Each structure stands twice: as C-alpha cells, then as structure tokens.
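In this note's numbering, the protein residues as written are 1 to 204.
Keep in mind the hints are simulated off the structure, nothing from the lab. Among the clues, some could well be false.
Stated by the list, open to error - Ranges between beta-carbon positions, derived for each pair:
#	residue 1	residue 2	range
1	56	81	26 to 36 Å
2	182	29	17 to 27 Å
3	19	182	35 to 45 Å
4	167	127	32 to 42 Å
5	21	114	19 to 29 Å
6	74	21	35 to 45 Å
7	24	179	36 to 46 Å
8	203	70	36 to 46 Å
Remember, it's a predicted structure, so these values are computed and weren't measured experimentally. Ideal placement from N, C-alpha and C gives every residue a C-beta, glycine not left out.
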Amino acid sequence: MTHENPGSEVAALQARLARQLEQDDLRLVSAAGEVELVRMQEADAEAQFRVVEANRAHLREWLGWLDVTIQVENMREFIADARSRTRDEGSIVWAIRHGGENVGVISFHAIEWAESLASIGYWLARSATGRGLATAALRTVVEFAFGALGLKTLRARVAPGNTRSAALVRRLGFRVVGVIDPGEELYGRPVAHEVFELENPAAG
1 MTHENPGSEV AALQARLARQ LEQDDLRLVS AAGEVELVRM QEADAEAQFR
51 VVEANRAHLR EWLGWLDVTI QVENMREFIA DARSRTRDEG SIVWAIRHGG
101 ENVGVISFHA IEWAESLASI GYWLARSATG RGLATAALRT VVEFAFGALG
151 LKTLRARVAP GNTRSAALVR RLGFRVVGVI DPGEELYGRP VAHEVFELEN
201 PAAG
C-alpha cells in the first residue's frame, strides 16, 4: 500500500486554489441561479458597509465585529486583508448577491492545508432571510470546496441559541462534533460554540 506524501497533498490543494483564482477570481453561481458569490474587492467596501449599517441591530445578536466596523475604511481594510491572505492562507470573502444586490457574506476564514479543512462563516441582511438564499449560498460553497478544491472537511461554529444558523448547516448535512465553551466574548458576555463539520463523501 502506498500513501500520498502529506506535503504533496498540501501543494496540490494550494495549486487548485491558485488555478481557481486565476480562472475566474473564485466567482461562483448557485445551481438555480438564485445567488451569485463574488470575491469582494476594496471597491465593494462602500456598498457592503451600507448593508452592514442597515442591518446593524440584526447582525449584532450573533456577530462580534460590529463595534470595530464603524466606517467604510474599516470594511475596506477587512476586505484588503482577506484578499492578501487568500493565496497563502485560504481566506476568501464572497459577497452574496441576489438580483445584482449585495445581501450578505459567506467566507472561508482560512484553510487548514494539512488537514484539508476550511472554517466557514456567513450572514444575511434581514430582508434576505427566509427565502432560501443562505441555503443556496452555502450549498454552492460546499460544492466548490469538495469539488473544485477537493477539501476533505468544512467546519462551522454556531452559538447554541442561534437556531437559524444551526438549522442552515444541519440542512446541508453538517453534524455537531464538539462544543467550545466559551467560544468567544460577544459584547461582554461569554458565548459557547457548537462545532459543526461536514465531510466530503468522495474523500478517501
């Protein structure tokens, strides 16, 4: 029996990501066309900040970065940082677009190359919830991760009270593999995280 050199597996994964970057800058479209996922660039900062401003109270319930995103420049810096780390760290931030309008974000926080695992996050504007858009966006990212990139595992961390987010990942087949308590400090209160994972059925 032969085993693939772990270093060569990492190199192959990084090469697949590089090819996708060069091919279409990681632009993805859901199977039925409900959403388009576009890798954000600094020119998108103003439009994206408007979405955050319009949804600040809605997002604040479960997202801890609102107090450090108080002007367009903060959004621009966040996008620039993510783009600078895409090739080496696998950080990808996609704007979720529906009908040509930005309605949220889905992202790889990073790829753990040696484990072939990506940690993901997502949010939607309040007006876009309940319409299947988050499901379409996450399904599209799952197909990209397991198909084009050949990743083995996707991971999401969800606070136990965040029932919408938990229902979303469960709908796509994610299962709880552990709990981190506390998972974060959310505006001064400790919040646990359930750790959900989805395994690539084609991975050996």
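These are the hints, each one checked on the structure:
1. 56 <-> 81: 26 to 36 Å: For residue 56 and residue 81 the Cβ distance comes to about 21 Å; the hint is violated.
2. 182 <-> 29: 17 to 27 Å: violated (38 Å)
3. 19 <-> 182: 35 to 45 Å: The hint (35 to 45 Å, Cβ to Cβ) holds, given that residue 19 and residue 182 are roughly 39 Å apart.
4. 167 <-> 127: 32 to 42 Å: violated (19 Å)
5. 21 <-> 114: 19 to 29 Å: Given range 19 to 29 Å: holds, Cβ gap about 20 Å.
6. 74 <-> 21: 35 to 45 Å: violated (25 Å)
7. 24 <-> 179: 36 to 46 Å: For residue 179 against residue 24, whose Cβ atoms are near 38 Å apart, the range 36 to 46 Å holds.
8. 203 <-> 70: 36 to 46 Å: Holds - the Cβ-Cβ distance for residue 203 and residue 70, about 42 Å, lies within 36 to 46 Å.
Violated hints for the displayed structure, listed by number in ascending order: 1, 2, 4 and 6.
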